[in-house]
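Visitor: Residue numbering for the sequence shown is 269 to 507, as defined by the working numbering.
Keep in mind the hints are simulated off the structure, nothing from the lab.
Only a predicted model underlies this, so the values are computations on that prediction, with no experimental measurement involved.
Glycine included, C-beta positions come from ideal geometry on N, C-alpha and C.
All the pointers check out, no bait thrown in.
Estimated spans, in silico, between C-beta atoms of each pair:
no.: 1; residue 1: R430; residue 2: N387; range: 33 to 41 Å
no.: 2; residue 1: S455; residue 2: H311; range: 20 to 28 Å
no.: 3; residue 1: P419; residue 2: D295; range: 34 to 42 Å
no.: 4; residue 1: T490; residue 2: D385; range: 47 to 55 Å
no.: 5; residue 1: Q485; residue 2: T319; range: 34 to 42 Å
no.: 6; residue 1: T280; residue 2: H491; range: 42 to 50 Å
no.: 7; residue 1: H491; residue 2: P419; range: 34 to 42 Å
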Amino acid sequence: MTDFSPQLSRVTAICHGFGDKSALLPDCLQPYQASQANKKQVHGTVIVDVTEPGQECGEADGLYTTQSGILLTVLTADCLPVIFSQRDGKGIAVVHAGWRGLLDGIILKMVERIACDDNPANWVAAIGPAARSCCYEVNEELVERFVNELPLAKNIISPRFRHLNLAAIAEHQLRGAGIHQIDRVGSCTICTIIPDDKDNAQHRFKYTSFRRTSQQQAIDPTHPGIKGRNQYSGLIILP
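Put together the whole structure using the sequences plus the hints.
Guide: Written out as structure tokens, the structure reads:
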């Protein structure tokens with residue numbers, strides 16, 4: 269069930285994957301879990317260079333390394349996981365980008381960090397499972413903030429009334445910053461169900477979703493939360 273990027277799968281020097289409810293940390297990354305760089309995601313724009321396995325990075329929503337044997341991950345429910353690799357696999361990065369991060373420029377800051385070492389055109393990126401515009405309804409004020417603050421057409425930002433298209437916004441930011449090889453991987457974290465479960469009245473959803481869980485808790489206060497059940501997405505330069 270794990271989602272993979274066709275672009276990143278061609279980079280033989282790395283291993284990557286996007287988690288879901290069946291494997292919060294993709295199976296292919298589990299052997300490297302002890303090397304994982306640790307951080308506290310705060311919907312900010314801080315990017316940390318990771319230089320050693322198990323590094324404590326503090327508050328950060330982006331990680332970058334050129335060292336092999338260090339697992340970089342982001343933890344998401346409905347926000348965007350974006351993972352990056354040089355085409356030769358000698359550098360990798362990850363970003364956690366919700367609507368705040370996109371507005372504040374976390375993706376652009378990561379591309380700036382990449383550009384300190386290399387031409388961003390030599391990198392590929394994959395935008396993973398997140399809340400899609402089919403389900404990600406927000407208020408009109410937030411849509412207007414995006415329209416007023418980002419140099420993008422309104423139909424890219426909000427293809428449906430009061431719905432944000434986070435993946436499209438991220439892709440346009442990446443292309444504008446010089447990364448042109450981009451995959452969109454997986455599907456909507458709010459509504460995607462396991463394919464063989466379509467006839468089940470109690471649908472088994474593929475991904476953990478903060479928005480869906482909140483809606484379910486509003487109907488049934490005993491419905492469990494998602495603490496400890498978010499999915500990891502990430503990659504490692506193979507040792």
